[in-house]
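Q: Residue strings, one per chain:
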Amino acid sequence: MTVTTLSNHVPDPRLVTAFAEQRDGPLHRVNPWTKIGIVGALVLAVTVFDRLALLAGLYGAVLVVYGLAGLPYRRLAGWYTLPLLFIVSVAGPLTFLEPGTPIGGTLPTPLGELSVTWAGIVLFAELSCRSLTVVTFALTASMTTKYTDVAYMLGRLLPRPIDQIALLTYRFTFVMLETLEDLVKAALSRGANFSEFWSNKRLYARILGMTMLSAIEQSERLVKSMEARGYNGDITLYGDVSRPPIHELFVVIGSYVAVVGYAAVAVYGVRQ
Amino acid sequence: MAHIHLGEGSFPLWALVLWTLLGVGLISAVVYRVRKGGIKTHQIALAGIAAAASFAIFQLNIPVWGGIHMNLTGLVGILAGPLLGALIALVVNIFSAALGHGAVGLLGANTLVNASEAIVAYYAFKTLIGMDWDVFPASASAATLGLSAGAFLMGAIIVVSGVNGSALPRGDLTIAVAGLVGLNLFAAFLAAGYWGFTVTGGAMPWAKRSAKALQRGVQEGGGALVELGRGIVVAGPIRKGGLMVEFGALVLVLGVLGIGLYVYVDRYGGFEDGERPAR
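Protein chains in written order, with the numbering used here: chain A, 1 to 272; chain B, 1001 to 1279.
Just chain A, same shape as in the assembly:
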């Protein structure tokens, strides 16, 4: 599979699917329902855990799991760009505004004194660990779950007609990416330069506009194809994802019990 990168800080769905289809690590053999269960437990954990050490430990554990699955750390570092941008955009100002003991000196401004506080730094680190933990595991799950299994689970989890839209989206994401990439390649072969936006704004508009138009035309062709096959509101799914084996079920249930138990006792102070 040749993948021309449109952006090096957004995961390419084709690359993600290639890892899922062509690799065979330990996590590839884990039941997809188990992975979804663990994602839920991690979301709950990063929401209720309140100590930096605990959050950092959880993040470290997820990073180890990512490596054990045979997935590339170098790519992961690039894919962290957007999540980190989100963290910086909110936690950045909070690092300065958070009340606490200032680190170093303070900078006088017309609105008051400005300083980075220890509490602000800790908050920044906590938010980073919370976010990157789930981002890493979501990518791990996506890169170790086969196309047919993802399609099956979309069909099972979402109500109609959302499942139909999601299945078509999943199928045609790859087609639309090819379309977009062809447009980019065509422009590059004619000597276009994508490194500067404002001097190439018409080119960008043409590419984005053509992609949307191509989508509309694809949808018109798809309607004919669907109706010719007697589409009645149901895209038949072939394949099956079995229930998770008992030992995986115990791991999922154990994760939830551990998170809820910790939250009840250590965070919310529930006592007998």
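Treat the hints as calculated values from the structure; they're not laboratory data. As the structure is a prediction and not an experimental result, all values here were calculated from the model. Think of the CB as a built atom: it goes at the ideal place given N, C-alpha and C, for glycine as much as any other residue. It is possible that part of the hints are untrue.
Said to hold, decoys possible - Here are the simulated lysine-lysine pairs, DSS-like style, with alpha carbons at most 27 Å apart:
1. A:K224 to B:K1040
2. B:K1036 to A:K224
3. A:K185 to A:K201
As the list claims (entries may be wrong) - The following label-pair restraints were derived from C-beta to C-beta distances:
4. A:A192 to B:R1170: 46 to 54 Å
5. A:R221 to B:F1152: 56 to 64 Å
6. A:K201 to B:G1179: 21 to 29 Å
Unchecked claim - Some chain A residues well away from chain B (every beta-carbon gap over 10 Å; in silico):
7. D24
8. E98
9. P102
10. V135
11. A138
12. R156
13. P159
14. K185
15. E220
16. V252
Chain B: place on chain A using the hints.
A: Quick look at chain B alone, frame taken from chain A:
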């Protein structure tokens, strides 16, 4: 497409539950209306492929401020209508979260924000076309308004929720978030407004086709959420009963639940005001 610019775990648990419930409420109302009103094959196909295109376009890095990404939610909302636009917003958010962009726990909040962009863009476009505007200025202005509505809602969600672990009072948090909203608004006006006005004029070879598609989207795009000229209805053709009671009841229940949760946590969360989140 504005996003909740917060990663996973940034909101406290009660806020996660609240926004998830509200998101589920909105999507449930839309699904209910779509099922009641019926959906045609071409609408399903358009929604699926428009979501795929939106997701694919997101992959393209636009070299402004080090690299930004667009989803064209406003245009998708105009094309597919507010009902399908809300469903597309959900689907795009699910796929984005699976690829580490956005957050799994904030799917409800993100869907509310993106659905609001699609819905506002659709009604703005419809209104401007009704006022005899040309298609391109109307679509650029409508997309700008949609993105602005999304940016404001995003800011409001963050301020109402608070940031997990932050001791910052709501007033100071509002100031911090105002900068973020301002940045989003600036991007919306710059991208959808200025760029839309300057480069998407009728001279483009695909312009006529786009104009037709946008206008057809308004006519066939899966029904309106609120049809002002025909009284308040929730989507699709007006049916017996109008389903307003069910929709109103759902909104009321979710609203009461949300306020109740907020009040409970605020009063009985186990923290004194001074020590609240400080660690």
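Q: Does each hint hold? Answer for all of them.
A: For each hint, the structure was consulted:
Proximity of K224 of chain A to K1040 of chain B is assessed by CA-CA distance (about 12 Å); at most 27 Å being required, the pair is judged to hold. For the proposed pair K1036 of chain B and K224 of chain A, the alpha carbon gap of about 24 Å is at most 27 Å, so the pair holds. The hinted pair formed by K185 of chain A and K201 of chain A meets the criterion: a straight-line CA distance of about 17 Å does not exceed 27 Å. Separated by about 48 Å at the C-beta atoms, A192 of chain A and R1170 of chain B satisfy the suggested range of 46 to 54 Å.
Restraint check, R221 of chain A to F1152 of chain B: a C-beta distance of roughly 39 Å breaks the suggested window 56 to 64 Å. The hinted range of 21 to 29 Å is satisfied by K201 of chain A and G1179 of chain B, whose Cβ atoms lie roughly 26 Å apart. Every CB of chain B lies more than 10 Å from the CB of D24 of chain A, the least distance being 21 Å, so the non-interface label holds. A beta-carbon of chain B is positioned within 10 Å of the beta-carbon of E98 of chain A; the least distance is around 6 Å.
Residue-level check passed: P102 of chain A sits 15 Å from the nearest beta carbon of chain B, beyond 10 Å. The beta carbon of V135 of chain A is not kept farther than 10 Å from every beta carbon of chain B, the shortest such distance being approximately 4 Å. The Cβ of A138 of chain A does not lie farther than 10 Å from every Cβ of chain B; its closest approach is about 5 Å, which violates its non-interface assignment. Annotated as non-interface, R156 of chain A keeps its C-beta farther than 10 Å from every C-beta of chain B; the closest such distance is 14 Å.
At roughly 6 Å, the least C-beta separation between P159 of chain A and chain B is not larger than 10 Å, which violates its mark as non-interface. The non-interface label for K185 of chain A is consistent with chain B: the shortest C-beta to C-beta separation is roughly 13 Å, beyond 10 Å. Remark: the non-interface label on E220 of chain A conflicts with the geometry, its nearest Cβ contact in chain B lying 8 Å away (cut-off 10 Å). Against chain B, the non-interface label of V252 of chain A holds: every CB pair exceeds 10 Å, the least being about 15 Å.
Taken one by one, the earlier hints fail for this structure at numbers 5, 8, 10, 11, 13 and 15, listed in ascending order.
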